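Respectively, the protein sequence lines represent chains A and B. Sequential numbering of the first sequence, starting at 1, is according to this note's numbering. Sequential numbering of the second sequence, starting at 1001, is according to this note's numbering.
In short, the hints are calculated from the structure, not lab data. No experiment lies behind these values; they were computed from the predicted model shown. Take these hints with a grain of salt, some might be off.
[What the hints assert, rightly or not] DSS-like mimics (lysine-lysine), calculated; alpha carbons at most 30 Å apart, straight line:
#, chain 1, residue 1, chain 2, residue 2
1, A, Lys100, B, Lys1085
2, A, Lys100, B, Lys1241
3, A, Lys45, B, Lys1075
4, A, Lys45, A, Lys35
5, A, Lys100, A, Lys35
6, A, Lys72, A, Lys88
7, B, Lys1241, A, Lys40
8, A, Lys45, A, Lys88
9, B, Lys1241, A, Lys46
10, B, Lys1085, A, Lys35
11, A, Lys68, A, Lys40
12, A, Lys45, B, Lys1241
13, A, Lys40, B, Lys1085
14, A, Lys68, A, Lys88
15, A, Lys100, A, Lys68
16, B, Lys1075, A, Lys35
17, B, Lys1085, A, Lys68
18, B, Lys1241, A, Lys72
19, A, Lys45, A, Lys100
20, A, Lys88, A, Lys35
21, A, Lys35, A, Lys72
22, A, Lys72, A, Lys45
23, B, Lys1075, A, Lys88
24, B, Lys1241, A, Lys88
25, A, Lys68, A, Lys45
26, A, Lys46, B, Lys1075
27, A, Lys40, A, Lys72
28, A, Lys100, A, Lys46
29, A, Lys88, A, Lys46
30, A, Lys40, B, Lys1075
31, A, Lys35, A, Lys68
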Amino acid sequence: MKQLGMVLLALVISASHLSAQEYAVVSFSPLPSLKRFQVKAIFLKKMTYLDGVHLIAVNLPPDHNARKSFEKSCLQMGRSRLREYWTKAHYLGHRPPLRKDSLESVQRFLNTVEGTVSYLPIEEVAQSMNILYRWSD
Amino acid sequence: MRKKLRFLFVFVLSLFIENGTLSADDGYQLGEGVQVGSLPLYVGGYFSLDYTNNESYEQYRLDDLSLLGYGSYEKFSYLAEVEYKELYLYRDENGTISESSDHQLQIERLYGDYAFNEHVSGRVGKYNTPVGFWNLVPINVLRETTSSPLVTEIIYPEYTTGAALSYSTIGDASFRADVMLQFTEGISETYNNYNTDEHVGLGLSYGLDDLVLKANAGYFNLHDGPDERLYYGVLSFNYEKEDYQFLSEVGWRYSDRLQQTNYAGYLQGLYRLTPQHIGIVRLERYADRSTRVEEGFGVLGYTYRPWYSMALKSEYSVHSDADLNTFILSFSVLF
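Here chain A stands alone, though its shape is the one from the complex (with noise of 0.2 Å):
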């Protein structure tokens, strides 16, 4: 009965980590890996340069499952928050990131864009990427 209940425990262990969706955050330019915190600075533009490449920051459209894992994993901020955010940034003279509607929008935008940044699930991303930051559901 205990051996039953441990095979459960590692089916059930096994199936979460064979759910668990990884994305990175990426670019065609010669950027290097970045920590969480940079990552949430480029999004919030609060860091537009690094190693002398001007940083355009990309988003999916707001219902797609990467851009809630990232806001949730990378952002931390809710939806209310980045509102929040967003509008004092009109204020101050800010603009949220640019919006692509797929993803094959935001890969044409990476690929012919110099210094865009934006992030993909794993498995779209192509060889020649830069991968800046990884993470996991």
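With chain A held as given, fit chain B onto it using these hints.
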């Protein structure tokens, strides 16, 4: 006019609350401004209506009718803002009625920024003095209560006209140093809380996720006042989570002519029952040696935000002298 203002207050409120289309996900979000064509120019603005009642007077006011424009191009960015400060004021002071209207357009902010590299940036023009937290976003709709803490009004100049230089670095935490310099008369200086012709200040801030600590110090001279230097220092912190926030600023101001030190400070707690319904408690204490007043008081507030960029606020301040107890109601919008 008072009836007209009441009507305007109710009409604008009902318009925004009944008509939710302004927040629809159709490209424009209330409180984020609009871009002019494809130019590097975004425009927006804000206004505030308020009602004040205490033992001495009752007052209606259309305040802060403002237009702002800003944009950026590569390493350069700019911001310009003009404002009617007190466009209409009706006051009933124990039966003595007064009405006034200030139609003078003031330059609230006007500056250009340049990013030299990822760490260093400079600013030239008129800007909100970057001391503490409250004075960075001091307009009614963005602050948590209609009234502002005394430390933001009596310790240092709210605006500086001149140059500023900042250094920042971000790793596991953030660090920022600011230097601000003013050696001329300010732009629209009559509108500043202190009419200054010299102001030198230094600020340091350290941020770690939800906590930010700041220290500021500096001095300023009054343009038309006696020959004296006023030195100030301010310590502040902001700790903010999704549902609550603690904010505090404590400041001192020393006059070398009068050999006096005044101080003011507050601790404010905020709790979001929901993003729309917010309760606020603020405790303040200050000392003004020239008038020999030293007092502590509290402010209780409730704010309703149908969207973050629109606020219907009520507050009641409780003083040791009951005649000073004041009720304030306001409606403000950023667009």
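Item to check | Hinted pair Lys1241 of chain B and Lys40 of chain A, Cα distance within 30 Å | outcome: holds (15 Å)
Checklist entry - Does the alpha-carbon distance linking Lys35 of chain A and Lys68 of chain A stay inside the 30 Å limit? => result Between Lys35 of chain A and Lys68 of chain A the Cα gap is close to 19 Å, so the pair holds against 30 Å.
Checklist entry - For the pair supplied as a hint, Lys40 of chain A and Lys72 of chain A, is the alpha-carbon distance within the 30 Å limit? => result The given pair, whose Cα atoms are some 11 Å apart, holds under the 30 Å limit.
Next on the checklist: Run the distance test for Lys45 of chain A versus Lys1075 of chain B: straight-line Cα separation, threshold 30 Å.
Outcome noted: holds (13 Å)
Checklist entry - Is the hinted pair Lys1085 of chain B and Lys35 of chain A satisfied, with a Cα-Cα distance of at most 30 Å? => result With a Cα-Cα distance of about 44 Å, the restraint between Lys1085 of chain B and Lys35 of chain A is violated, given a limit of 30 Å.
Next on the checklist: Between the alpha carbons of Lys72 of chain A and Lys45 of chain A, is the straight-line distance 30 Å or under?
Outcome noted: holds (18 Å)
Next on the checklist: Lys100 of chain A and Lys46 of chain A were given as a pair; does the straight-line alpha-carbon distance stay at or below 30 Å?
Outcome noted: With a Cα-Cα distance of about 21 Å, the restraint between Lys100 of chain A and Lys46 of chain A holds, given a limit of 30 Å.
Checklist entry - Is Lys72 of chain A close enough to Lys88 of chain A, meaning Cα to Cα at most 30 Å? => result Holds - the C-alpha atoms of Lys88 of chain A and Lys72 of chain A are around 21 Å apart, at most 30 Å.
Checklist entry - Are Lys88 of chain A and Lys46 of chain A close enough, with their CA atoms no more than 30 Å apart? => result holds (13 Å)
Checklist entry - Going straight from one Cα to the other, do Lys45 of chain A and Lys88 of chain A come out at no more than 30 Å? => result holds (13 Å)
Next on the checklist: Would the hint linking Lys1241 of chain B and Lys72 of chain A be met if the CA-CA limit is 30 Å?
Outcome noted: Given pair Lys1241 of chain B, Lys72 of chain A holds - Cα atoms ~13 Å apart, limit 30 Å.
Next on the checklist: Does Lys88 of chain A sit within 30 Å of Lys68 of chain A, going by the straight-line distance between their CA atoms?
Outcome noted: Given that 30 Å is the threshold and the Cα spacing comes to 22 Å, the pair holds.
Against the hints set out earlier in the document, violations occur for numbers 1, 10, 13, 17.
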